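*Asks:* Sequence:
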Amino acid sequence: MKTVYKIFFVTLMLMIVSCGNTENKKPSRKMRIPDDRLAAILTDTYLTAGIMDLFAMRDTWAQRDSIQNYIDVIESHGYTYEQFETTMRYYFMSKPRKLSRIYDRVTGNLLELETELMTQQSAVKPSEKNLWPGKPDYRLPEEFTRDPVWFDIPVDKPGEYILKADIRVFEDDKSLNPRVTVYFSYRDSAGEEKRDYWQEIFLVKDGQIHNIQIKHTLDTIPGARLRGWLLNHDNQSGKWEKHARISNIRIVHADDFAAQ
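Numbers 0 to 259, taken from numbering that gives the first Met the number 0, label the letters of the sequence shown in order.
Calculated from the structure, these hints are not laboratory results. Note that the coordinates shown come from a computational prediction; the quantities given were computed from them, not determined experimentally. By construction, the Cβ of each residue, glycine as well, lies at the ideal position given by its N, Cα and C atoms. Wrong hints could be hidden among the right ones.
Below, computed lysine to any residue pairings styled on SDA-like, alpha-carbon distance capped at 25 Å [stated by the list, open to error]:
id, residue 1, residue 2
1, K173, P147
2, K173, K193
3, K204, W239
4, K214, V251
5, K156, I220
6, K94, E115
7, K193, F150
8, K193, T216
9, K156, V251
10, K97, M117
11, K134, P153
12, K29, G77
Distance windows between CB atoms, simulated [stated by the list, open to error]:
id, residue 1, residue 2, range
13, A253, R186, 22 to 28 Å
14, R145, D103, 46 to 52 Å
15, W149, A253, 20 to 26 Å
16, P33, N210, 40 to 46 Å
17, E113, Q212, 30 to 36 Å
18, I152, T79, 51 to 57 Å
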């Protein structure tokens with residue numbers, strides 16, 4: 000936490016000093032942000048930087064000037080970016096020890112938040128076993144151009160299985176009939192593969208996040224497997240690519256499912 004924040008803090012200071020003038024005279028009281036409020040602003044700017052690393056947020060605000068996100072944080076505390084820039088430059092150039100103490104206060108705020116979050120998480124006992132074997136999220140076309148996100152999972156427990164995922168397909172996605180296709184696979188007495196398909200979910204190209212949930216029951220079949228594609232599509236020729244996001248993927252047995 001401390002190392003990451005130091006990097007963020009130094010980067011922020013270099014941006015402010017390089018973008019502004021080099022005057023380091025003491026600002027007027029009107030232009031200087033009080034220490035406690037400055038610490039609160041810096042805490043929130045760090046949290047904002049973390050939130051912007053989430054791919055869903057990057058997609059939403061990709062066309063926005065990144066500095067505007069921090070300006071919004073500053074203004075939410077009742078100050079202007081000019082006041083923030085003036086205060087930070089003054090402390091950085093003329094009062095580095097005082098700035099260091101403010102930095103320690105911000106670090107303390109972040110550690111307190113981290114401790115509170117860890118305490119809350121430890122109080123919640125895991126109530127489900129996620130069978131999903133792949134990555135926690137997928138970004139297309141950044142990671143894969145046309146990948147249908149195939150999966151193949153051994154299942155030996157009869158009963159109902161549930162698949163959940165947040166899927167977002169953008170308007171400019173070029174795949175044909177994007178959909179979620181899932182089935183149980185097993186061998187009959189002759190060794191031939193048999194498939195028991197789940198309800199197929201067709202995805203809308205509207206740029207919105209859709210919470211997908213489908214379920215199906217497996218009978219007592221030795222050696223059965225759960226297979227499918229999270230982002231299946233029809234075959235087509237030519238040059239094309241997908242534009243989609245998948246996250247929060249879970250495959251669980253109903254006995255282990257945590258109702259939300």
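*Asks:* With reference to the structure, classify each hint as holding or not holding.
*Replies:* Consistency of the hints with the structure:
no.	hint	result
1	K173 - P147	13 Å, holds
2	K173 - K193	31 Å, violated
3	K204 - W239	15 Å, holds
4	K214 - V251	10 Å, holds
5	K156 - I220	9 Å, holds
6	K94 - E115	32 Å, violated
7	K193 - F150	17 Å, holds
8	K193 - T216	15 Å, holds
9	K156 - V251	11 Å, holds
10	K97 - M117	30 Å, violated
11	K134 - P153	17 Å, holds
12	K29 - G77	12 Å, holds
13	A253 - R186: 22 to 28 Å	24 Å, holds
14	R145 - D103: 46 to 52 Å	50 Å, holds
15	W149 - A253: 20 to 26 Å	24 Å, holds
16	P33 - N210: 40 to 46 Å	43 Å, holds
17	E113 - Q212: 30 to 36 Å	32 Å, holds
18	I152 - T79: 51 to 57 Å	54 Å, holds
Going through the hint list in order, the structure does not satisfy hints 2, 6 and 10.
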